[in-house]
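> So the sequences go chain by chain: A and B.
The numbering used here puts the first residue of the first sequence at 1, with every later residue one more than the last.
The numbering used here puts the first residue of the second sequence at 1, with every later residue one more than the last.
No lab work stands behind these hints: they were computed from the structure.
The beta carbon of each residue, even a glycine, is placed where N, CA and C say it ideally should be.
Some clues are possibly wrong.
As the list claims (entries may be wrong) - Ranges between beta-carbon positions, derived for each pair:
{"hint": "1", "chain 1": "B", "residue 1": "Leu57", "chain 2": "A", "residue 2": "Gln101", "range": "55 to 63 Å"}
{"hint": "2", "chain 1": "B", "residue 1": "Pro577", "chain 2": "A", "residue 2": "Gln101", "range": "36 to 44 Å"}
{"hint": "3", "chain 1": "A", "residue 1": "Lys45", "chain 2": "B", "residue 2": "Arg416", "range": "32 to 40 Å"}
{"hint": "4", "chain 1": "B", "residue 1": "Arg416", "chain 2": "A", "residue 2": "Ser131", "range": "25 to 33 Å"}
To be verified - If you want a taste of the chain A side facing chain B, the calculated C-beta under 10 Å gives, among others:
{"hint": "5", "residue": "Leu5"}
{"hint": "6", "residue": "Leu6"}
{"hint": "7", "residue": "Phe9"}
{"hint": "8", "residue": "Gly10"}
{"hint": "9", "residue": "Leu12"}
{"hint": "10", "residue": "Val14"}
{"hint": "11", "residue": "Asn24"}
{"hint": "12", "residue": "Val27"}
{"hint": "13", "residue": "Val42"}
{"hint": "14", "residue": "Glu140"}
{"hint": "15", "residue": "Arg142"}
{"hint": "16", "residue": "Ala144"}
{"hint": "17", "residue": "Phe150"}
{"hint": "18", "residue": "Ala156"}
{"hint": "19", "residue": "Arg160"}
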Amino acid sequence: MLIPLLIAFGALLVLGVLVVGIYNGLVTLRNGFRNAFAQVDVQLKRRHDLIPNLVETAKGYMAHERQTLEAVMAARASATQANVRVTANPADAAAVGALGQAEAGLTSALGRLLAVAENYPQLKADATMRSLMEELTSTENRIAFSRQAFNDAVLAYNNRREVFPAVLLASALGFQPGEFLRIDSEAERQAPKVGF
Amino acid sequence: MDFFGAQEKARDRTALLVVLLILALASLVGALYALAVAGLRGGAGWWHPDLLAATSLVAGGSILAGGLVRHHALRQGGSAVAASLGGRRVARGGASPEEARYLNVVEEMALASGTPVPACFVLDGEPGINAFAAGNTPADAAVAVTRGALEQLTREELQGVVAHEFSHIANGDVRLNLRLVAVVAGLVTLTQLGYLVVRLVGNASGSRRGKDGGARLAMLAVGLAIMAAGFGGRFFARLIQASISRQREFLADAAAVQYTRNPVGLAGVFRKLAREGARALASGEGSSRGLAAAGQADVQHMLFAEAPSLWVSLMATHPPLQERLRRIDPGATLTEGASRSPSPRASDAGAVGLAGSAPPPLPAAADRPSDAAIQDAVGFRGALPPELRAAASEPVGALGLLFGLTLSAQGADRERQLAVIRRLVEGEVEREILRIAPQVAALAEGHRIPLLDLAMPALRELSPGQRAQVLAALDETGVAASDGLMGLLLRASARRHLSPGDPPGLRVPSAREADAHRRLVLSAVVAMSRQDAPGRLRSHAAACRLLGVDPGAGPAESPDLAVVAASLGALRGLPVPARRDLVRACGVAMLSDGRAEPREAEIVRAVADLLGISFAIAPLR
Numbered sequence: 001m002l003i004p005l006l007i008a009f010g011a012l013l014v015l016g017v018l019v020v021g022i023y024n025g026l027v028t029l030r031n032g033f034r035n036a037f038a039q040v041d042v043q044l045k046r047r048h049d050l051i052p053n054l055v056e057t058a059k060g061y062m063a064h065e066r067q068t069l070e071a072v073m074a075a076r077a078s079a080t081q082a083n084v085r086v087t088a089n090p091a092d093a094a095a096v097g098a099l100g101q102a103e104a105g106l107t108s109a110l111g112r113l114l115a116v117a118e119n120y121p122q123l124k125a126d127a128t129m130r131s132l133m134e135e136l137t138s139t140e141n142r143i144a145f146s147r148q149a150f151n152d153a154v155l156a157y158n159n160r161r162e163v164f165p166a167v168l169l170a171s172a173l174g175f176q177p178g179e180f181l182r183i184d185s186e187a188e189r190q191a192p193k194v195g196f
Numbered sequence: 001m002d003f004f005g006a007q008e009k010a011r012d013r014t015a016l017l018v019v020l021l022i023l024a025l026a027s028l029v030g031a032l033y034a035l036a037v038a039g040l041r042g043g044a045g046w047w048h049p050d051l052l053a054a055t056s057l058v059a060g061g062s063i064l065a066g067g068l069v070r071h072h073a074l075r076q077g078g079s080a081v082a083a084s085l086g087g088r089r090v091a092r093g094g095a096s097p098e099e100a101r102y103l104n105v106v107e108e109m110a111l112a113s114g115t116p117v118p119a120c121f122v123l124d125g126e127p128g129i130n131a132f133a134a135g136n137t138p139a140d141a142a143v144a145v146t147r148g149a150l151e152q153l154t155r156e157e158l159q160g161v162v163a164h165e166f167s168h169i170a171n172g173d174v175r176l177n178l179r180l181v182a183v184v185a186g187l188v189t190l191t192q193l194g195y196l197v198v199r200l201v202g203n204a205s206g207s208r209r210g211k212d213g214g215a216r217l218a219m220l221a222v223g224l225a226i227m228a229a230g231f232g233g234r235f236f237a238r239l240i241q242a243s244i245s246r247q248r249e250f251l252a253d254a255a256a257v258q259y260t261r262n263p264v265g266l267a268g269v270f271r272k273l274a275r276e277g278a279r280a281l282a283s284g285e286g287s288s289r290g291l292a293a294a295g296q297a298d299v300q301h302m303l304f305a306e307a308p309s310l311w312v313s314l315m316a317t318h319p320p321l322q323e324r325l326r327r328i329d330p331g332a333t334l335t336e337g338a339s340r341s342p343s344p345r346a347s348d349a350g351a352v353g354l355a356g357s358a359p360p361p362l363p364a365a366a367d368r369p370s371d372a373a374i375q376d377a378v379g380f381r382g383a384l385p386p387e388l389r390a391a392a393s394e395p396v397g398a399l400g401l402l403f404g405l406t407l408s409a410q411g412a413d414r415e416r417q418l419a420v421i422r423r424l425v426e427g428e429v430e431r432e433i434l435r436i437a438p439q440v441a442a443l444a445e446g447h448r449i450p451l452l453d454l455a456m457p458a459l460r461e462l463s464p465g466q467r468a469q470v471l472a473a474l475d476e477t478g479v480a481a482s483d484g485l486m487g488l489l490l491r492a493s494a495r496r497h498l499s500p501g502d503p504p505g506l507r508v509p510s511a512r513e514a515d516a517h518r519r520l521v522l523s524a525v526v527a528m529s530r531q532d533a534p535g536r537l538r539s540h541a542a543a544c545r546l547l548g549v550d551p552g553a554g555p556a557e558s559p560d561l562a563v564v565a566a567s568l569g570a571l572r573g574l575p576v577p578a579r580r581d582l583v584r585a586c587g588v589a590m591l592s593d594g595r596a597e598p599r600e601a602e603i604v605r606a607v608a609d610l611l612g613i614s615f616a617i618a619p620l621r
């Protein structure tokens with residue numbers, strides 16, 4: 001009578017400790033990547049703030065390219081909107097995916113603007129434009145860097161979530177997989193690295 | 001206020017902890033044993049060695065298991081703990097005005113107390129006023145405040161709260177808390193386990209009724225019995241938690257007043273807390289509020305204030321507010337309006353502001369300057385260029401600062417180092433270095449370590465992979481002999497903060513080795529002073545005497561930097577009190593001529609940082 005009881009108790013203890021450990025570990029990692037989004041957010045906002053000035057400056061030289069300029073502003077607006085959703089909850093996979101797409105859209109719209117700007121030597125020579133471009137490039141690099149930190153944190157969470165035995169419990173405890181922030185249209189690789 | 005005396009009094013209550021732990025264990029085993037005898041042997045006879053062994057096993061096992069789980073969870077460092085309690089990290093960019101004020105206050109307190117800036121968190125869902133500090137060493141510390149504290153407190157009051165949390169970090173309370181939380185969690189495990197059984201049985205009985213009702217009832221009884229046995233452990237757990245933590249709270253309040261030089265802020269917080277508490281009790285909310293609610297019972301004592309409750313004062317983890325107020329500002333009462341002007345006593349102490357004012361006059365060259373004088377000398381009071389402060393607030397800028405501060409001033413070395421750094425973040429770090437280079441070059445003496453301290457939160461945001469890259473670059477750039485002791489210490493500090501933990505194989509040096517290392521480190525500190533040779537000899541001797549080390553032939557004239565670095569590395573193997581004493585001795589060496597030059601203060605601060613000691617020095621044993 002005693003031995004089986006002891007065994008049952010031991011099993012219960014081990015099980016309880018295991019569940020609590022898994023739960024706490026997942027909570028910590030999930031909050032970890034939520035917090036890692038703060039830095040990405042800072043840089044994305046900086047990029048969004050630069051664009052109106054850029055468009056304003058470009059307008060002075062290329063009034064005929066209204067469509068291109070408007071496309072950039074529209075892409076910025078949707079990126080800003082997508083960002084609000086993710087800031088509220090970086091663990092929302094759909095929102096992170098949407099943000100990645102919106103930012104990729106913004107990147108390619110910017111790329112088109114810069115391609116068109118090639119035809120306006122005066123714009124390229126403008127001091128404001130040059131410094132804005134410089135800052136934009138620097139911001140892109142910083143976005144990539146902070147995005148790497150964010151994605152590393154998501155990866156750590158997803159890995160923990162998917163290994164045995166956590167995988168048996170994660171969904172039941174309400175831990176959804178985290179989404180990587182990808183801003184990878186082909187445009188990203190060409191666009192912002194335009195040298196003046 | 002005799003701050004350091006108070007610290008002595010509150011020191012090391014380990015003996016009490018052990019006694020209470022034994023009592024708790026005994027009560028747990030006793031309760032379980034009685035249950036087992038009644039349940040399994042029908043109460044026949046009271047001596048069953050096998051049952052006693054089994055119940056001891058069960059009680060010990062559950063305490064150990066529960067304690068280990070909690071210990072493991074908390075060992076991950078301050079940021080992880082703050083995040084697991086629902087904290088949201090506040091970054092400099094994108095902070096609301098209140099959050100920006102909070103970040104500023106934290107930075108001021110870090111500089112004033114000579115500690116690296118911790119990671120800052122906000123608990124958004126908490127309307128009450130509260131705060132906590134977490135982390136095992138100053139390097140991985142985090143502070144968190146509630147949304148309510150951000151919104152309801154004035155800047156001065158917030159400063160008091162943050163300073164209070166800082167003193168928990170600096171005094172090693174956080175480390176103590178870690179063990180305490182683990183012990184408490186272990187003692188509470190049994191209750192939780194019983195609760196788990198009751199819940200499971202309860203849930204199951206909802207679905208299929210009738211058939212095995214007897215068995216379920218038995219299970220339910222077992223669950224309740226385990227819970228009942230657990231309550232004994234819980235009772236003692238609360239007692240342990242309370243008795244240790246109350247003393248620590250007084251201490252932290254005292255230290256907060258020392259850091260801010262202003263008891264008015266903290267007094268205002270106590271008044272607001274008292275009003276909040278009265279309101280909560282009146283509306284019957286009692287202790288079921290926010291952080292203090294059920295699941296977090298074992299972190300109660302980490303908080304700034306306890307939820308109002310009608311609990312017996314024996315169980316309170318925090319002293320009564322009235323008493324806390326009286327200790328920092330005798331004669332003040334909780335009901336006074338916030339507009340009350342500081343008492344005369346307060347204004348004696350509050351004469352020195354934080355930033356931009358001259359350091360307080362030091363006592364004349366006494367044989368041994370007081371700990372308070374050392375602490376004051378090390379606190380940073382200058383103003384840092386805003387552009388560098390801004391750079392320190394985000395990861396790439398912080399990397400630029402880190403490398404900008406550690407690079408050789410010029411020449412071929414610098415070119416080679418820049419080539420290495422060009423690989424980081426698409427050359428962005430190099431650009432940052434070049435951008436801030438003029439300001440870095442123009443930095444006054446004694447400003448470099450404080451700047452690095454400011455950059456710490458941003459550097460902590462690097463992912464492990466990124467840290468590894470940065471560390472590799474730091475190694476590759478190397479240190480040139482011409483950079484001096486400071487270059488070496490900056491680099492070592494950065495390395496320590498970026499590394500995941502102490503390197504393996506850190507061994508305790510033998511007494512002889514330790515003496516030689518300490519003599520050398522003190523030589524290096526003394527060499528930074530502008531005293532003449534006899535003065536240096538005296539300072540060195542005074543510091544050595546403090547440690548009971550034979551000063552030997554006096555300070556080495558120009559100690560070899562690489563050897564000093566190796567000595568400091570070896571001394572990290574010493575236990576914490578010995579490292580504290582070494583930091584104190586460095587402070588004595590710095591102050592024995594009655595003056596603390598910024599560069600001396602910086603060295604002492606860097607040595608402390610390297611030894612993993614933060615700057616609230618405990619009294620000599």
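> Each hint needs a verdict: does it hold in this structure or not?
Here is how each hint holds up against the structure:
no.: 1; hint: Leu57/B to Gln101/A: 55 to 63 Å; verdict: holds, 58 Å
no.: 2; hint: Pro577/B to Gln101/A: 36 to 44 Å; verdict: violated, 57 Å
no.: 3; hint: Lys45/A to Arg416/B: 32 to 40 Å; verdict: holds, 37 Å
no.: 4; hint: Arg416/B to Ser131/A: 25 to 33 Å; verdict: holds, 30 Å
no.: 5; hint: Leu5; verdict: holds, 8 Å
no.: 6; hint: Leu6; verdict: holds, 6 Å
no.: 7; hint: Phe9; verdict: holds, 6 Å
no.: 8; hint: Gly10; verdict: holds, 7 Å
no.: 9; hint: Leu12; verdict: holds, 7 Å
no.: 10; hint: Val14; verdict: holds, 8 Å
no.: 11; hint: Asn24; verdict: holds, 5 Å
no.: 12; hint: Val27; verdict: holds, 5 Å
no.: 13; hint: Val42; verdict: holds, 3 Å
no.: 14; hint: Glu140; verdict: holds, 9 Å
no.: 15; hint: Arg142; verdict: holds, 5 Å
no.: 16; hint: Ala144; verdict: holds, 7 Å
no.: 17; hint: Phe150; verdict: holds, 8 Å
no.: 18; hint: Ala156; verdict: holds, 8 Å
no.: 19; hint: Arg160; verdict: violated, 12 Å
Against the hints set out earlier in the document, violations occur for numbers 2 and 19.
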